[in-house]
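Visitor: Next come the chains, spelled out residue by residue.
2 protein chains.
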Amino acid sequence: MIVVADNMQITNRIIGKAVNEMNPGPIQEMAKKCEAAGAEMLDINSGPLSRDPEKKMAFLVESVQDVSDLPLLIDTANPRAIEAGLRTNRKTAIINGFSLEPAKLESILPLAKKFQADIIGYLLYPDSHVPADGAERLSVAVELYGEFQKAGIDPERLIIDPVVAPIAWPDGNFQNMEILSVLCQLPELLGFPVKTIAGLSNLTTGQGPGEKKRLLEKAYLPMLAASGLNMALLNIFHHETVSVASACNSLMSQKMFVYEEIRGEINPAFFC
Amino acid sequence: MIVVADNMQITNRIIGKAVNEMNPGPIQEMAKKCEAAGAEMLDINSGPLSRDPEKKMAFLVESVQDVSDLPLLIDTANPRAIEAGLRTNRKTAIINGFSLEPAKLESILPLAKKFQADIIGYLLYPDSHVPADGAERLSVAVELYGEFQKAGIDPERLIIDPVVAPIAWPDGNFQNMEILSVLCQLPELLGFPVKTIAGLSNLTTGQGPGEKKRLLEKAYLPMLAASGLNMALLNIFHHETVSVASACNSLMSQKMFVYEEIRGEINPAFFC
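Residue numbers (my numbering), protein chains in the order written: chain A, 458 to 729; chain B, 458 to 729.
Be careful, since some hints might not be right.
Identical copies carry no separate label here, and so any pair may be met within one copy or between two of them.
[As the list claims (entries may be wrong)] Dumping the calculated DSS-like pairs for lysine-lysine here, alpha-carbon to alpha-carbon at most 30 Å:
1) K512 x K669
2) K570 x K512
3) K669 x K490
4) K669 x K489
5) K474 x K561
6) K669 x K712
7) K548 x K561
Simulated from the structure, these hints should not be mistaken for lab results. The model shown is predicted, which means the values in this text are computed figures rather than measured ones.
Let the hints inform the model, and build the full structure from the sequences given.
Guide: What follows is the structure in structure tokens.
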């Protein structure tokens, strides 16, 4: 399981200010801190970017890759900003992301082919509603993969995000347990070892005590890992959660266990 | 998932001394501490008990139940000590446990019927060897259940322990991932929602840094929980592990999530 930092967000006051002032310093400091905290990839979430979206995403990507070689997730709903980010990127970039929403199928999905980039596909309905259960998620996954094939993109470029539900939702627990089952079933359903990603911060969105939120992250992450999750998008400054991710990798490694080796390799699900 | 303390062990110097001196104080103090730390059941491990096994187990049970109403696991390989413990017990007791070992089938299994007690069955071969993989464990489970039926005991009294492997074993990781799959498959295989227990302290038996050992416990426990484990036997003074168990219950509860409700109900596996 690869750990992806979700900290580089324009909604972060410091990052937002730095982007507005076109000042790379605070952005680069954040990138270095994320890497030091164990990030193996960085998600760059530029938000809605109402003004100059292309310029701002390009600036973010440029600033980050001047100080870090980590692969970047170009995270915005604005296709022009994605394209600007991909053009600026000189290393590995992943598009985050598309869904069955017609506008995204039309203008974001083709960028994966054009730039030969991996792309994250959300298990959401065309109107962005969350499927009601695991079966509906699997059916959306089949449809998503169908669009992928129609677009002529290599299946290995698809990374599926089952969309973790906030536990504050009335059916949040149910949804999140369904997601474990979905992660287990996806490879057999689609007929290849499709990659998966989940946003752990979603779990505890909303009001709630910080300590218990982190406790829930630490409990849910190993469940996701054992279900075969490949990439965990999370707050990289939740150091204990990052350590738990590392422990999961150690436990799931096919090499003999050694305490010294804290980083493990990516593994398939073990109990599906 | 119910949390069972494995701390009441005769190998604990204080407990060993108290038993030898027939002094209930330190035993009762330990029982109260375990309960305060969140134990929902207490395992009373009297070890081999070379001298006066019956008297010593009876003394342990008597001492504990004078200060605690928690259900007790009568944990010894000595059938006479088990029987003495069960006779002394006035509350709920669980026999821990039997296996396909002929002596245990003959002298421990029948005690479950005689005393109308739940009994833990280990997925081990008759010579106490650990099965090589998940498939072998499942086949042992079928045989174990067969012996159970032959003995005329209510299936609901069976609690299966898949036997967590120390990660220090060359194939420890493999075995422990197989166990997740075994936990998922047992209910369907046996045709009823068979209860399960796992000893988490086994995971990190042997040399190793304490902090990393606890980290591995915290990572493996949610995997077990999501696989449907009903009872976790653990060091109840590993407070963070106990909190993670509680968080697992909250995440798997079918009630709407509330941060205040730290204790959840027992749940079936969600992704099997």
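Visitor: May I ask which of the numbered hints given earlier this structure violates, with the numbers listed in increasing order?
Guide: Hint check: 1 fails alone, others pass.
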